[in-house]
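Residue numbers (our numbering), protein chains in the order written: chain A, 4 to 85; chain B, 4 to 85; chain C, -19 to 126; chain D, -19 to 126.
Quick caveat, the hints were computed from the structure, so don't treat them as lab data. For glycine and all other residues, C-beta sits at the position ideal for the given N, C-alpha and C. Heads up, a few of these hints could be off.
[Said to hold, decoys possible] Pulled a few chain D residues facing chain C out of the computed Cβ check, cut under 10 angstroms:
hint: 1; residue: Ser(-3)
hint: 2; residue: Gly3
hint: 3; residue: Pro31
hint: 4; residue: Ile57
hint: 5; residue: Pro65
hint: 6; residue: Arg79
hint: 7; residue: Glu109
hint: 8; residue: Lys110
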Amino acid sequence: MLKVLYFGRLSDLAGRREEQFNLPERITTLSQLKMWLRKNRHLGEALDERYIKTMVNQKLVHEDLTLNGDEEIGFLPPVGGG
Amino acid sequence: MLKVLYFGRLSDLAGRREEQFNLPERITTLSQLKMWLRKNRHLGEALDERYIKTMVNQKLVHEDLTLNGDEEIGFLPPVGGG
Amino acid sequence: MLEILDSSFDPGERLNSFSKTSGNAGGIASFIGRVRGERGDVSGLYLESYPGVTEKGIQSATDAAVKRWALVDVLVIHRIGTMSPGEPIVMVITAAEHRRAAFEACDFLMDYLKTDAMFWKKQTGADGEKWIEPRTEDYKDRERWT
Amino acid sequence: MLEILDSSFDPGERLNSFSKTSGNAGGIASFIGRVRGERGDVSGLYLESYPGVTEKGIQSATDAAVKRWALVDVLVIHRIGTMSPGEPIVMVITAAEHRRAAFEACDFLMDYLKTDAMFWKKQTGADGEKWIEPRTEDYKDRERWT
């Protein structure tokens, strides 16, 4: 199962902070998954914004990659604590 | 009465932290007083060291001046707290 | 040491217990960041982290600071969850032999926490809820260290 | 606020009470300077001030800092008398809207206290008593502000 985490304002858009599901049919890459989430999770173009970072299995990824379907995927708006 | 205060290492040399006395006879200026203390308080050349500051009535003085005999005079080695 | 807490903490008590265990260090610098209540328009703040990832990032920054400034000890405490105006969000304490090292390391870690640490902040105020992202000033502060 | 004390104080307790009264300030920076006990050769420290003059000098520096960094609040506590290794000698706490101001003002005041404040320090150690005067490094730190 895929685990998807939405942080900051993305969780408001997606209506959830995390979810687990099986990789939808015909989807094999991260970019395809983003397209799918855009439509099915009302994320619009949010995931494609320049400042949104993506982590796969808790590591930042900067390029597209093939998914097995058991990854943890996090979508991260600009961060900042304190 | 004159009040003289010795701070830091000067108090060790003078053997006291402060003293009060009448302006010795024939002494009318700060520089004369320093000469007198040099001899009478075992201060050697300590008071003339470049880094020793002098305060008269709690104000720094950089030049010689006339004394009335009722001043508070402080001799201050380099300072530093914390 | 690093603690991500979902309940409040006592800065003074933390400072004292840190001091006790930081041995001979001549200087201890600290910083507390609190929820602002400017003009009374902020009623609450909510912070979330990415558990595991957030800690790992802060730990790397802390390790780098210990090395760069030869710190004797360091403590980072960061709140998550819901907070009210005036409550501490973050506290950094650094101990070093000399004060310049303690100050600089504390300052560096605060810059890291403000701009690179993985936290997301939502503010509740008069005009509803709003996610807050770093100010340009925060990024500029951080660039002083590179 | 300024306090010259001839008995010990509790830094954590001071930090907490300062925090309570500094209202909305977003950031609170602090520094504690302690008696060093390097290689166990320092057994005690004695500090003296010039009562009245010392306070006036620190007050001027504090006023300058409040003005320059728009501080919300500031507290300087400085010990005089006899102290043991590990004991706090000095504590500076600054509160400001933004952290840069709080840090810089705290740092500035510590530089002032180290090099310009009217204190004289005598150290008791393995080789007897010794008056300590500022290090070159302290003067260099201070010059950053002019």
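Against the structure, the hints:
1. Against a cut-off of 10 angstroms between C-beta atoms, the interface hint on Ser(-3)/D holds, since the closest Cβ of chain C lies about 8 angstroms away.
2. Taking 10 angstroms as the C-beta cut-off, the interface hint given for Gly3/D holds, the closest approach to chain C being about 8 angstroms.
3. Interface hint status for Pro31/D: violated, as the beta-carbon distance to the closest one in chain C is roughly 26 angstroms, over 10 angstroms.
4. Below 10 angstroms, beta-carbon pairs count as interface contacts, and Ile57/D has none with chain C, the closest being about 14 angstroms; its hint is therefore violated.
5. For Pro65/D, the interface hint holds, the least distance from its beta-carbon to any beta-carbon of chain C being 7 angstroms, beneath 10 angstroms.
6. The criterion of a C-beta within 10 angstroms of any C-beta in chain C is met by Arg79/D, whose closest approach is roughly 6 angstroms, and the hint holds.
7. Given hint, Glu109/D at the interface with chain C, is violated; its Cβ is 20 angstroms from that chain's nearest Cβ, farther than 10 angstroms.
8. Checking Lys110/D against chain C by beta carbon gives a least distance of about 17 angstroms; that is not within 10 angstroms, so the hint is violated.
Comparing the model with each numbered hint stated earlier shows that hints 3, 4, 7 and 8 do not hold.
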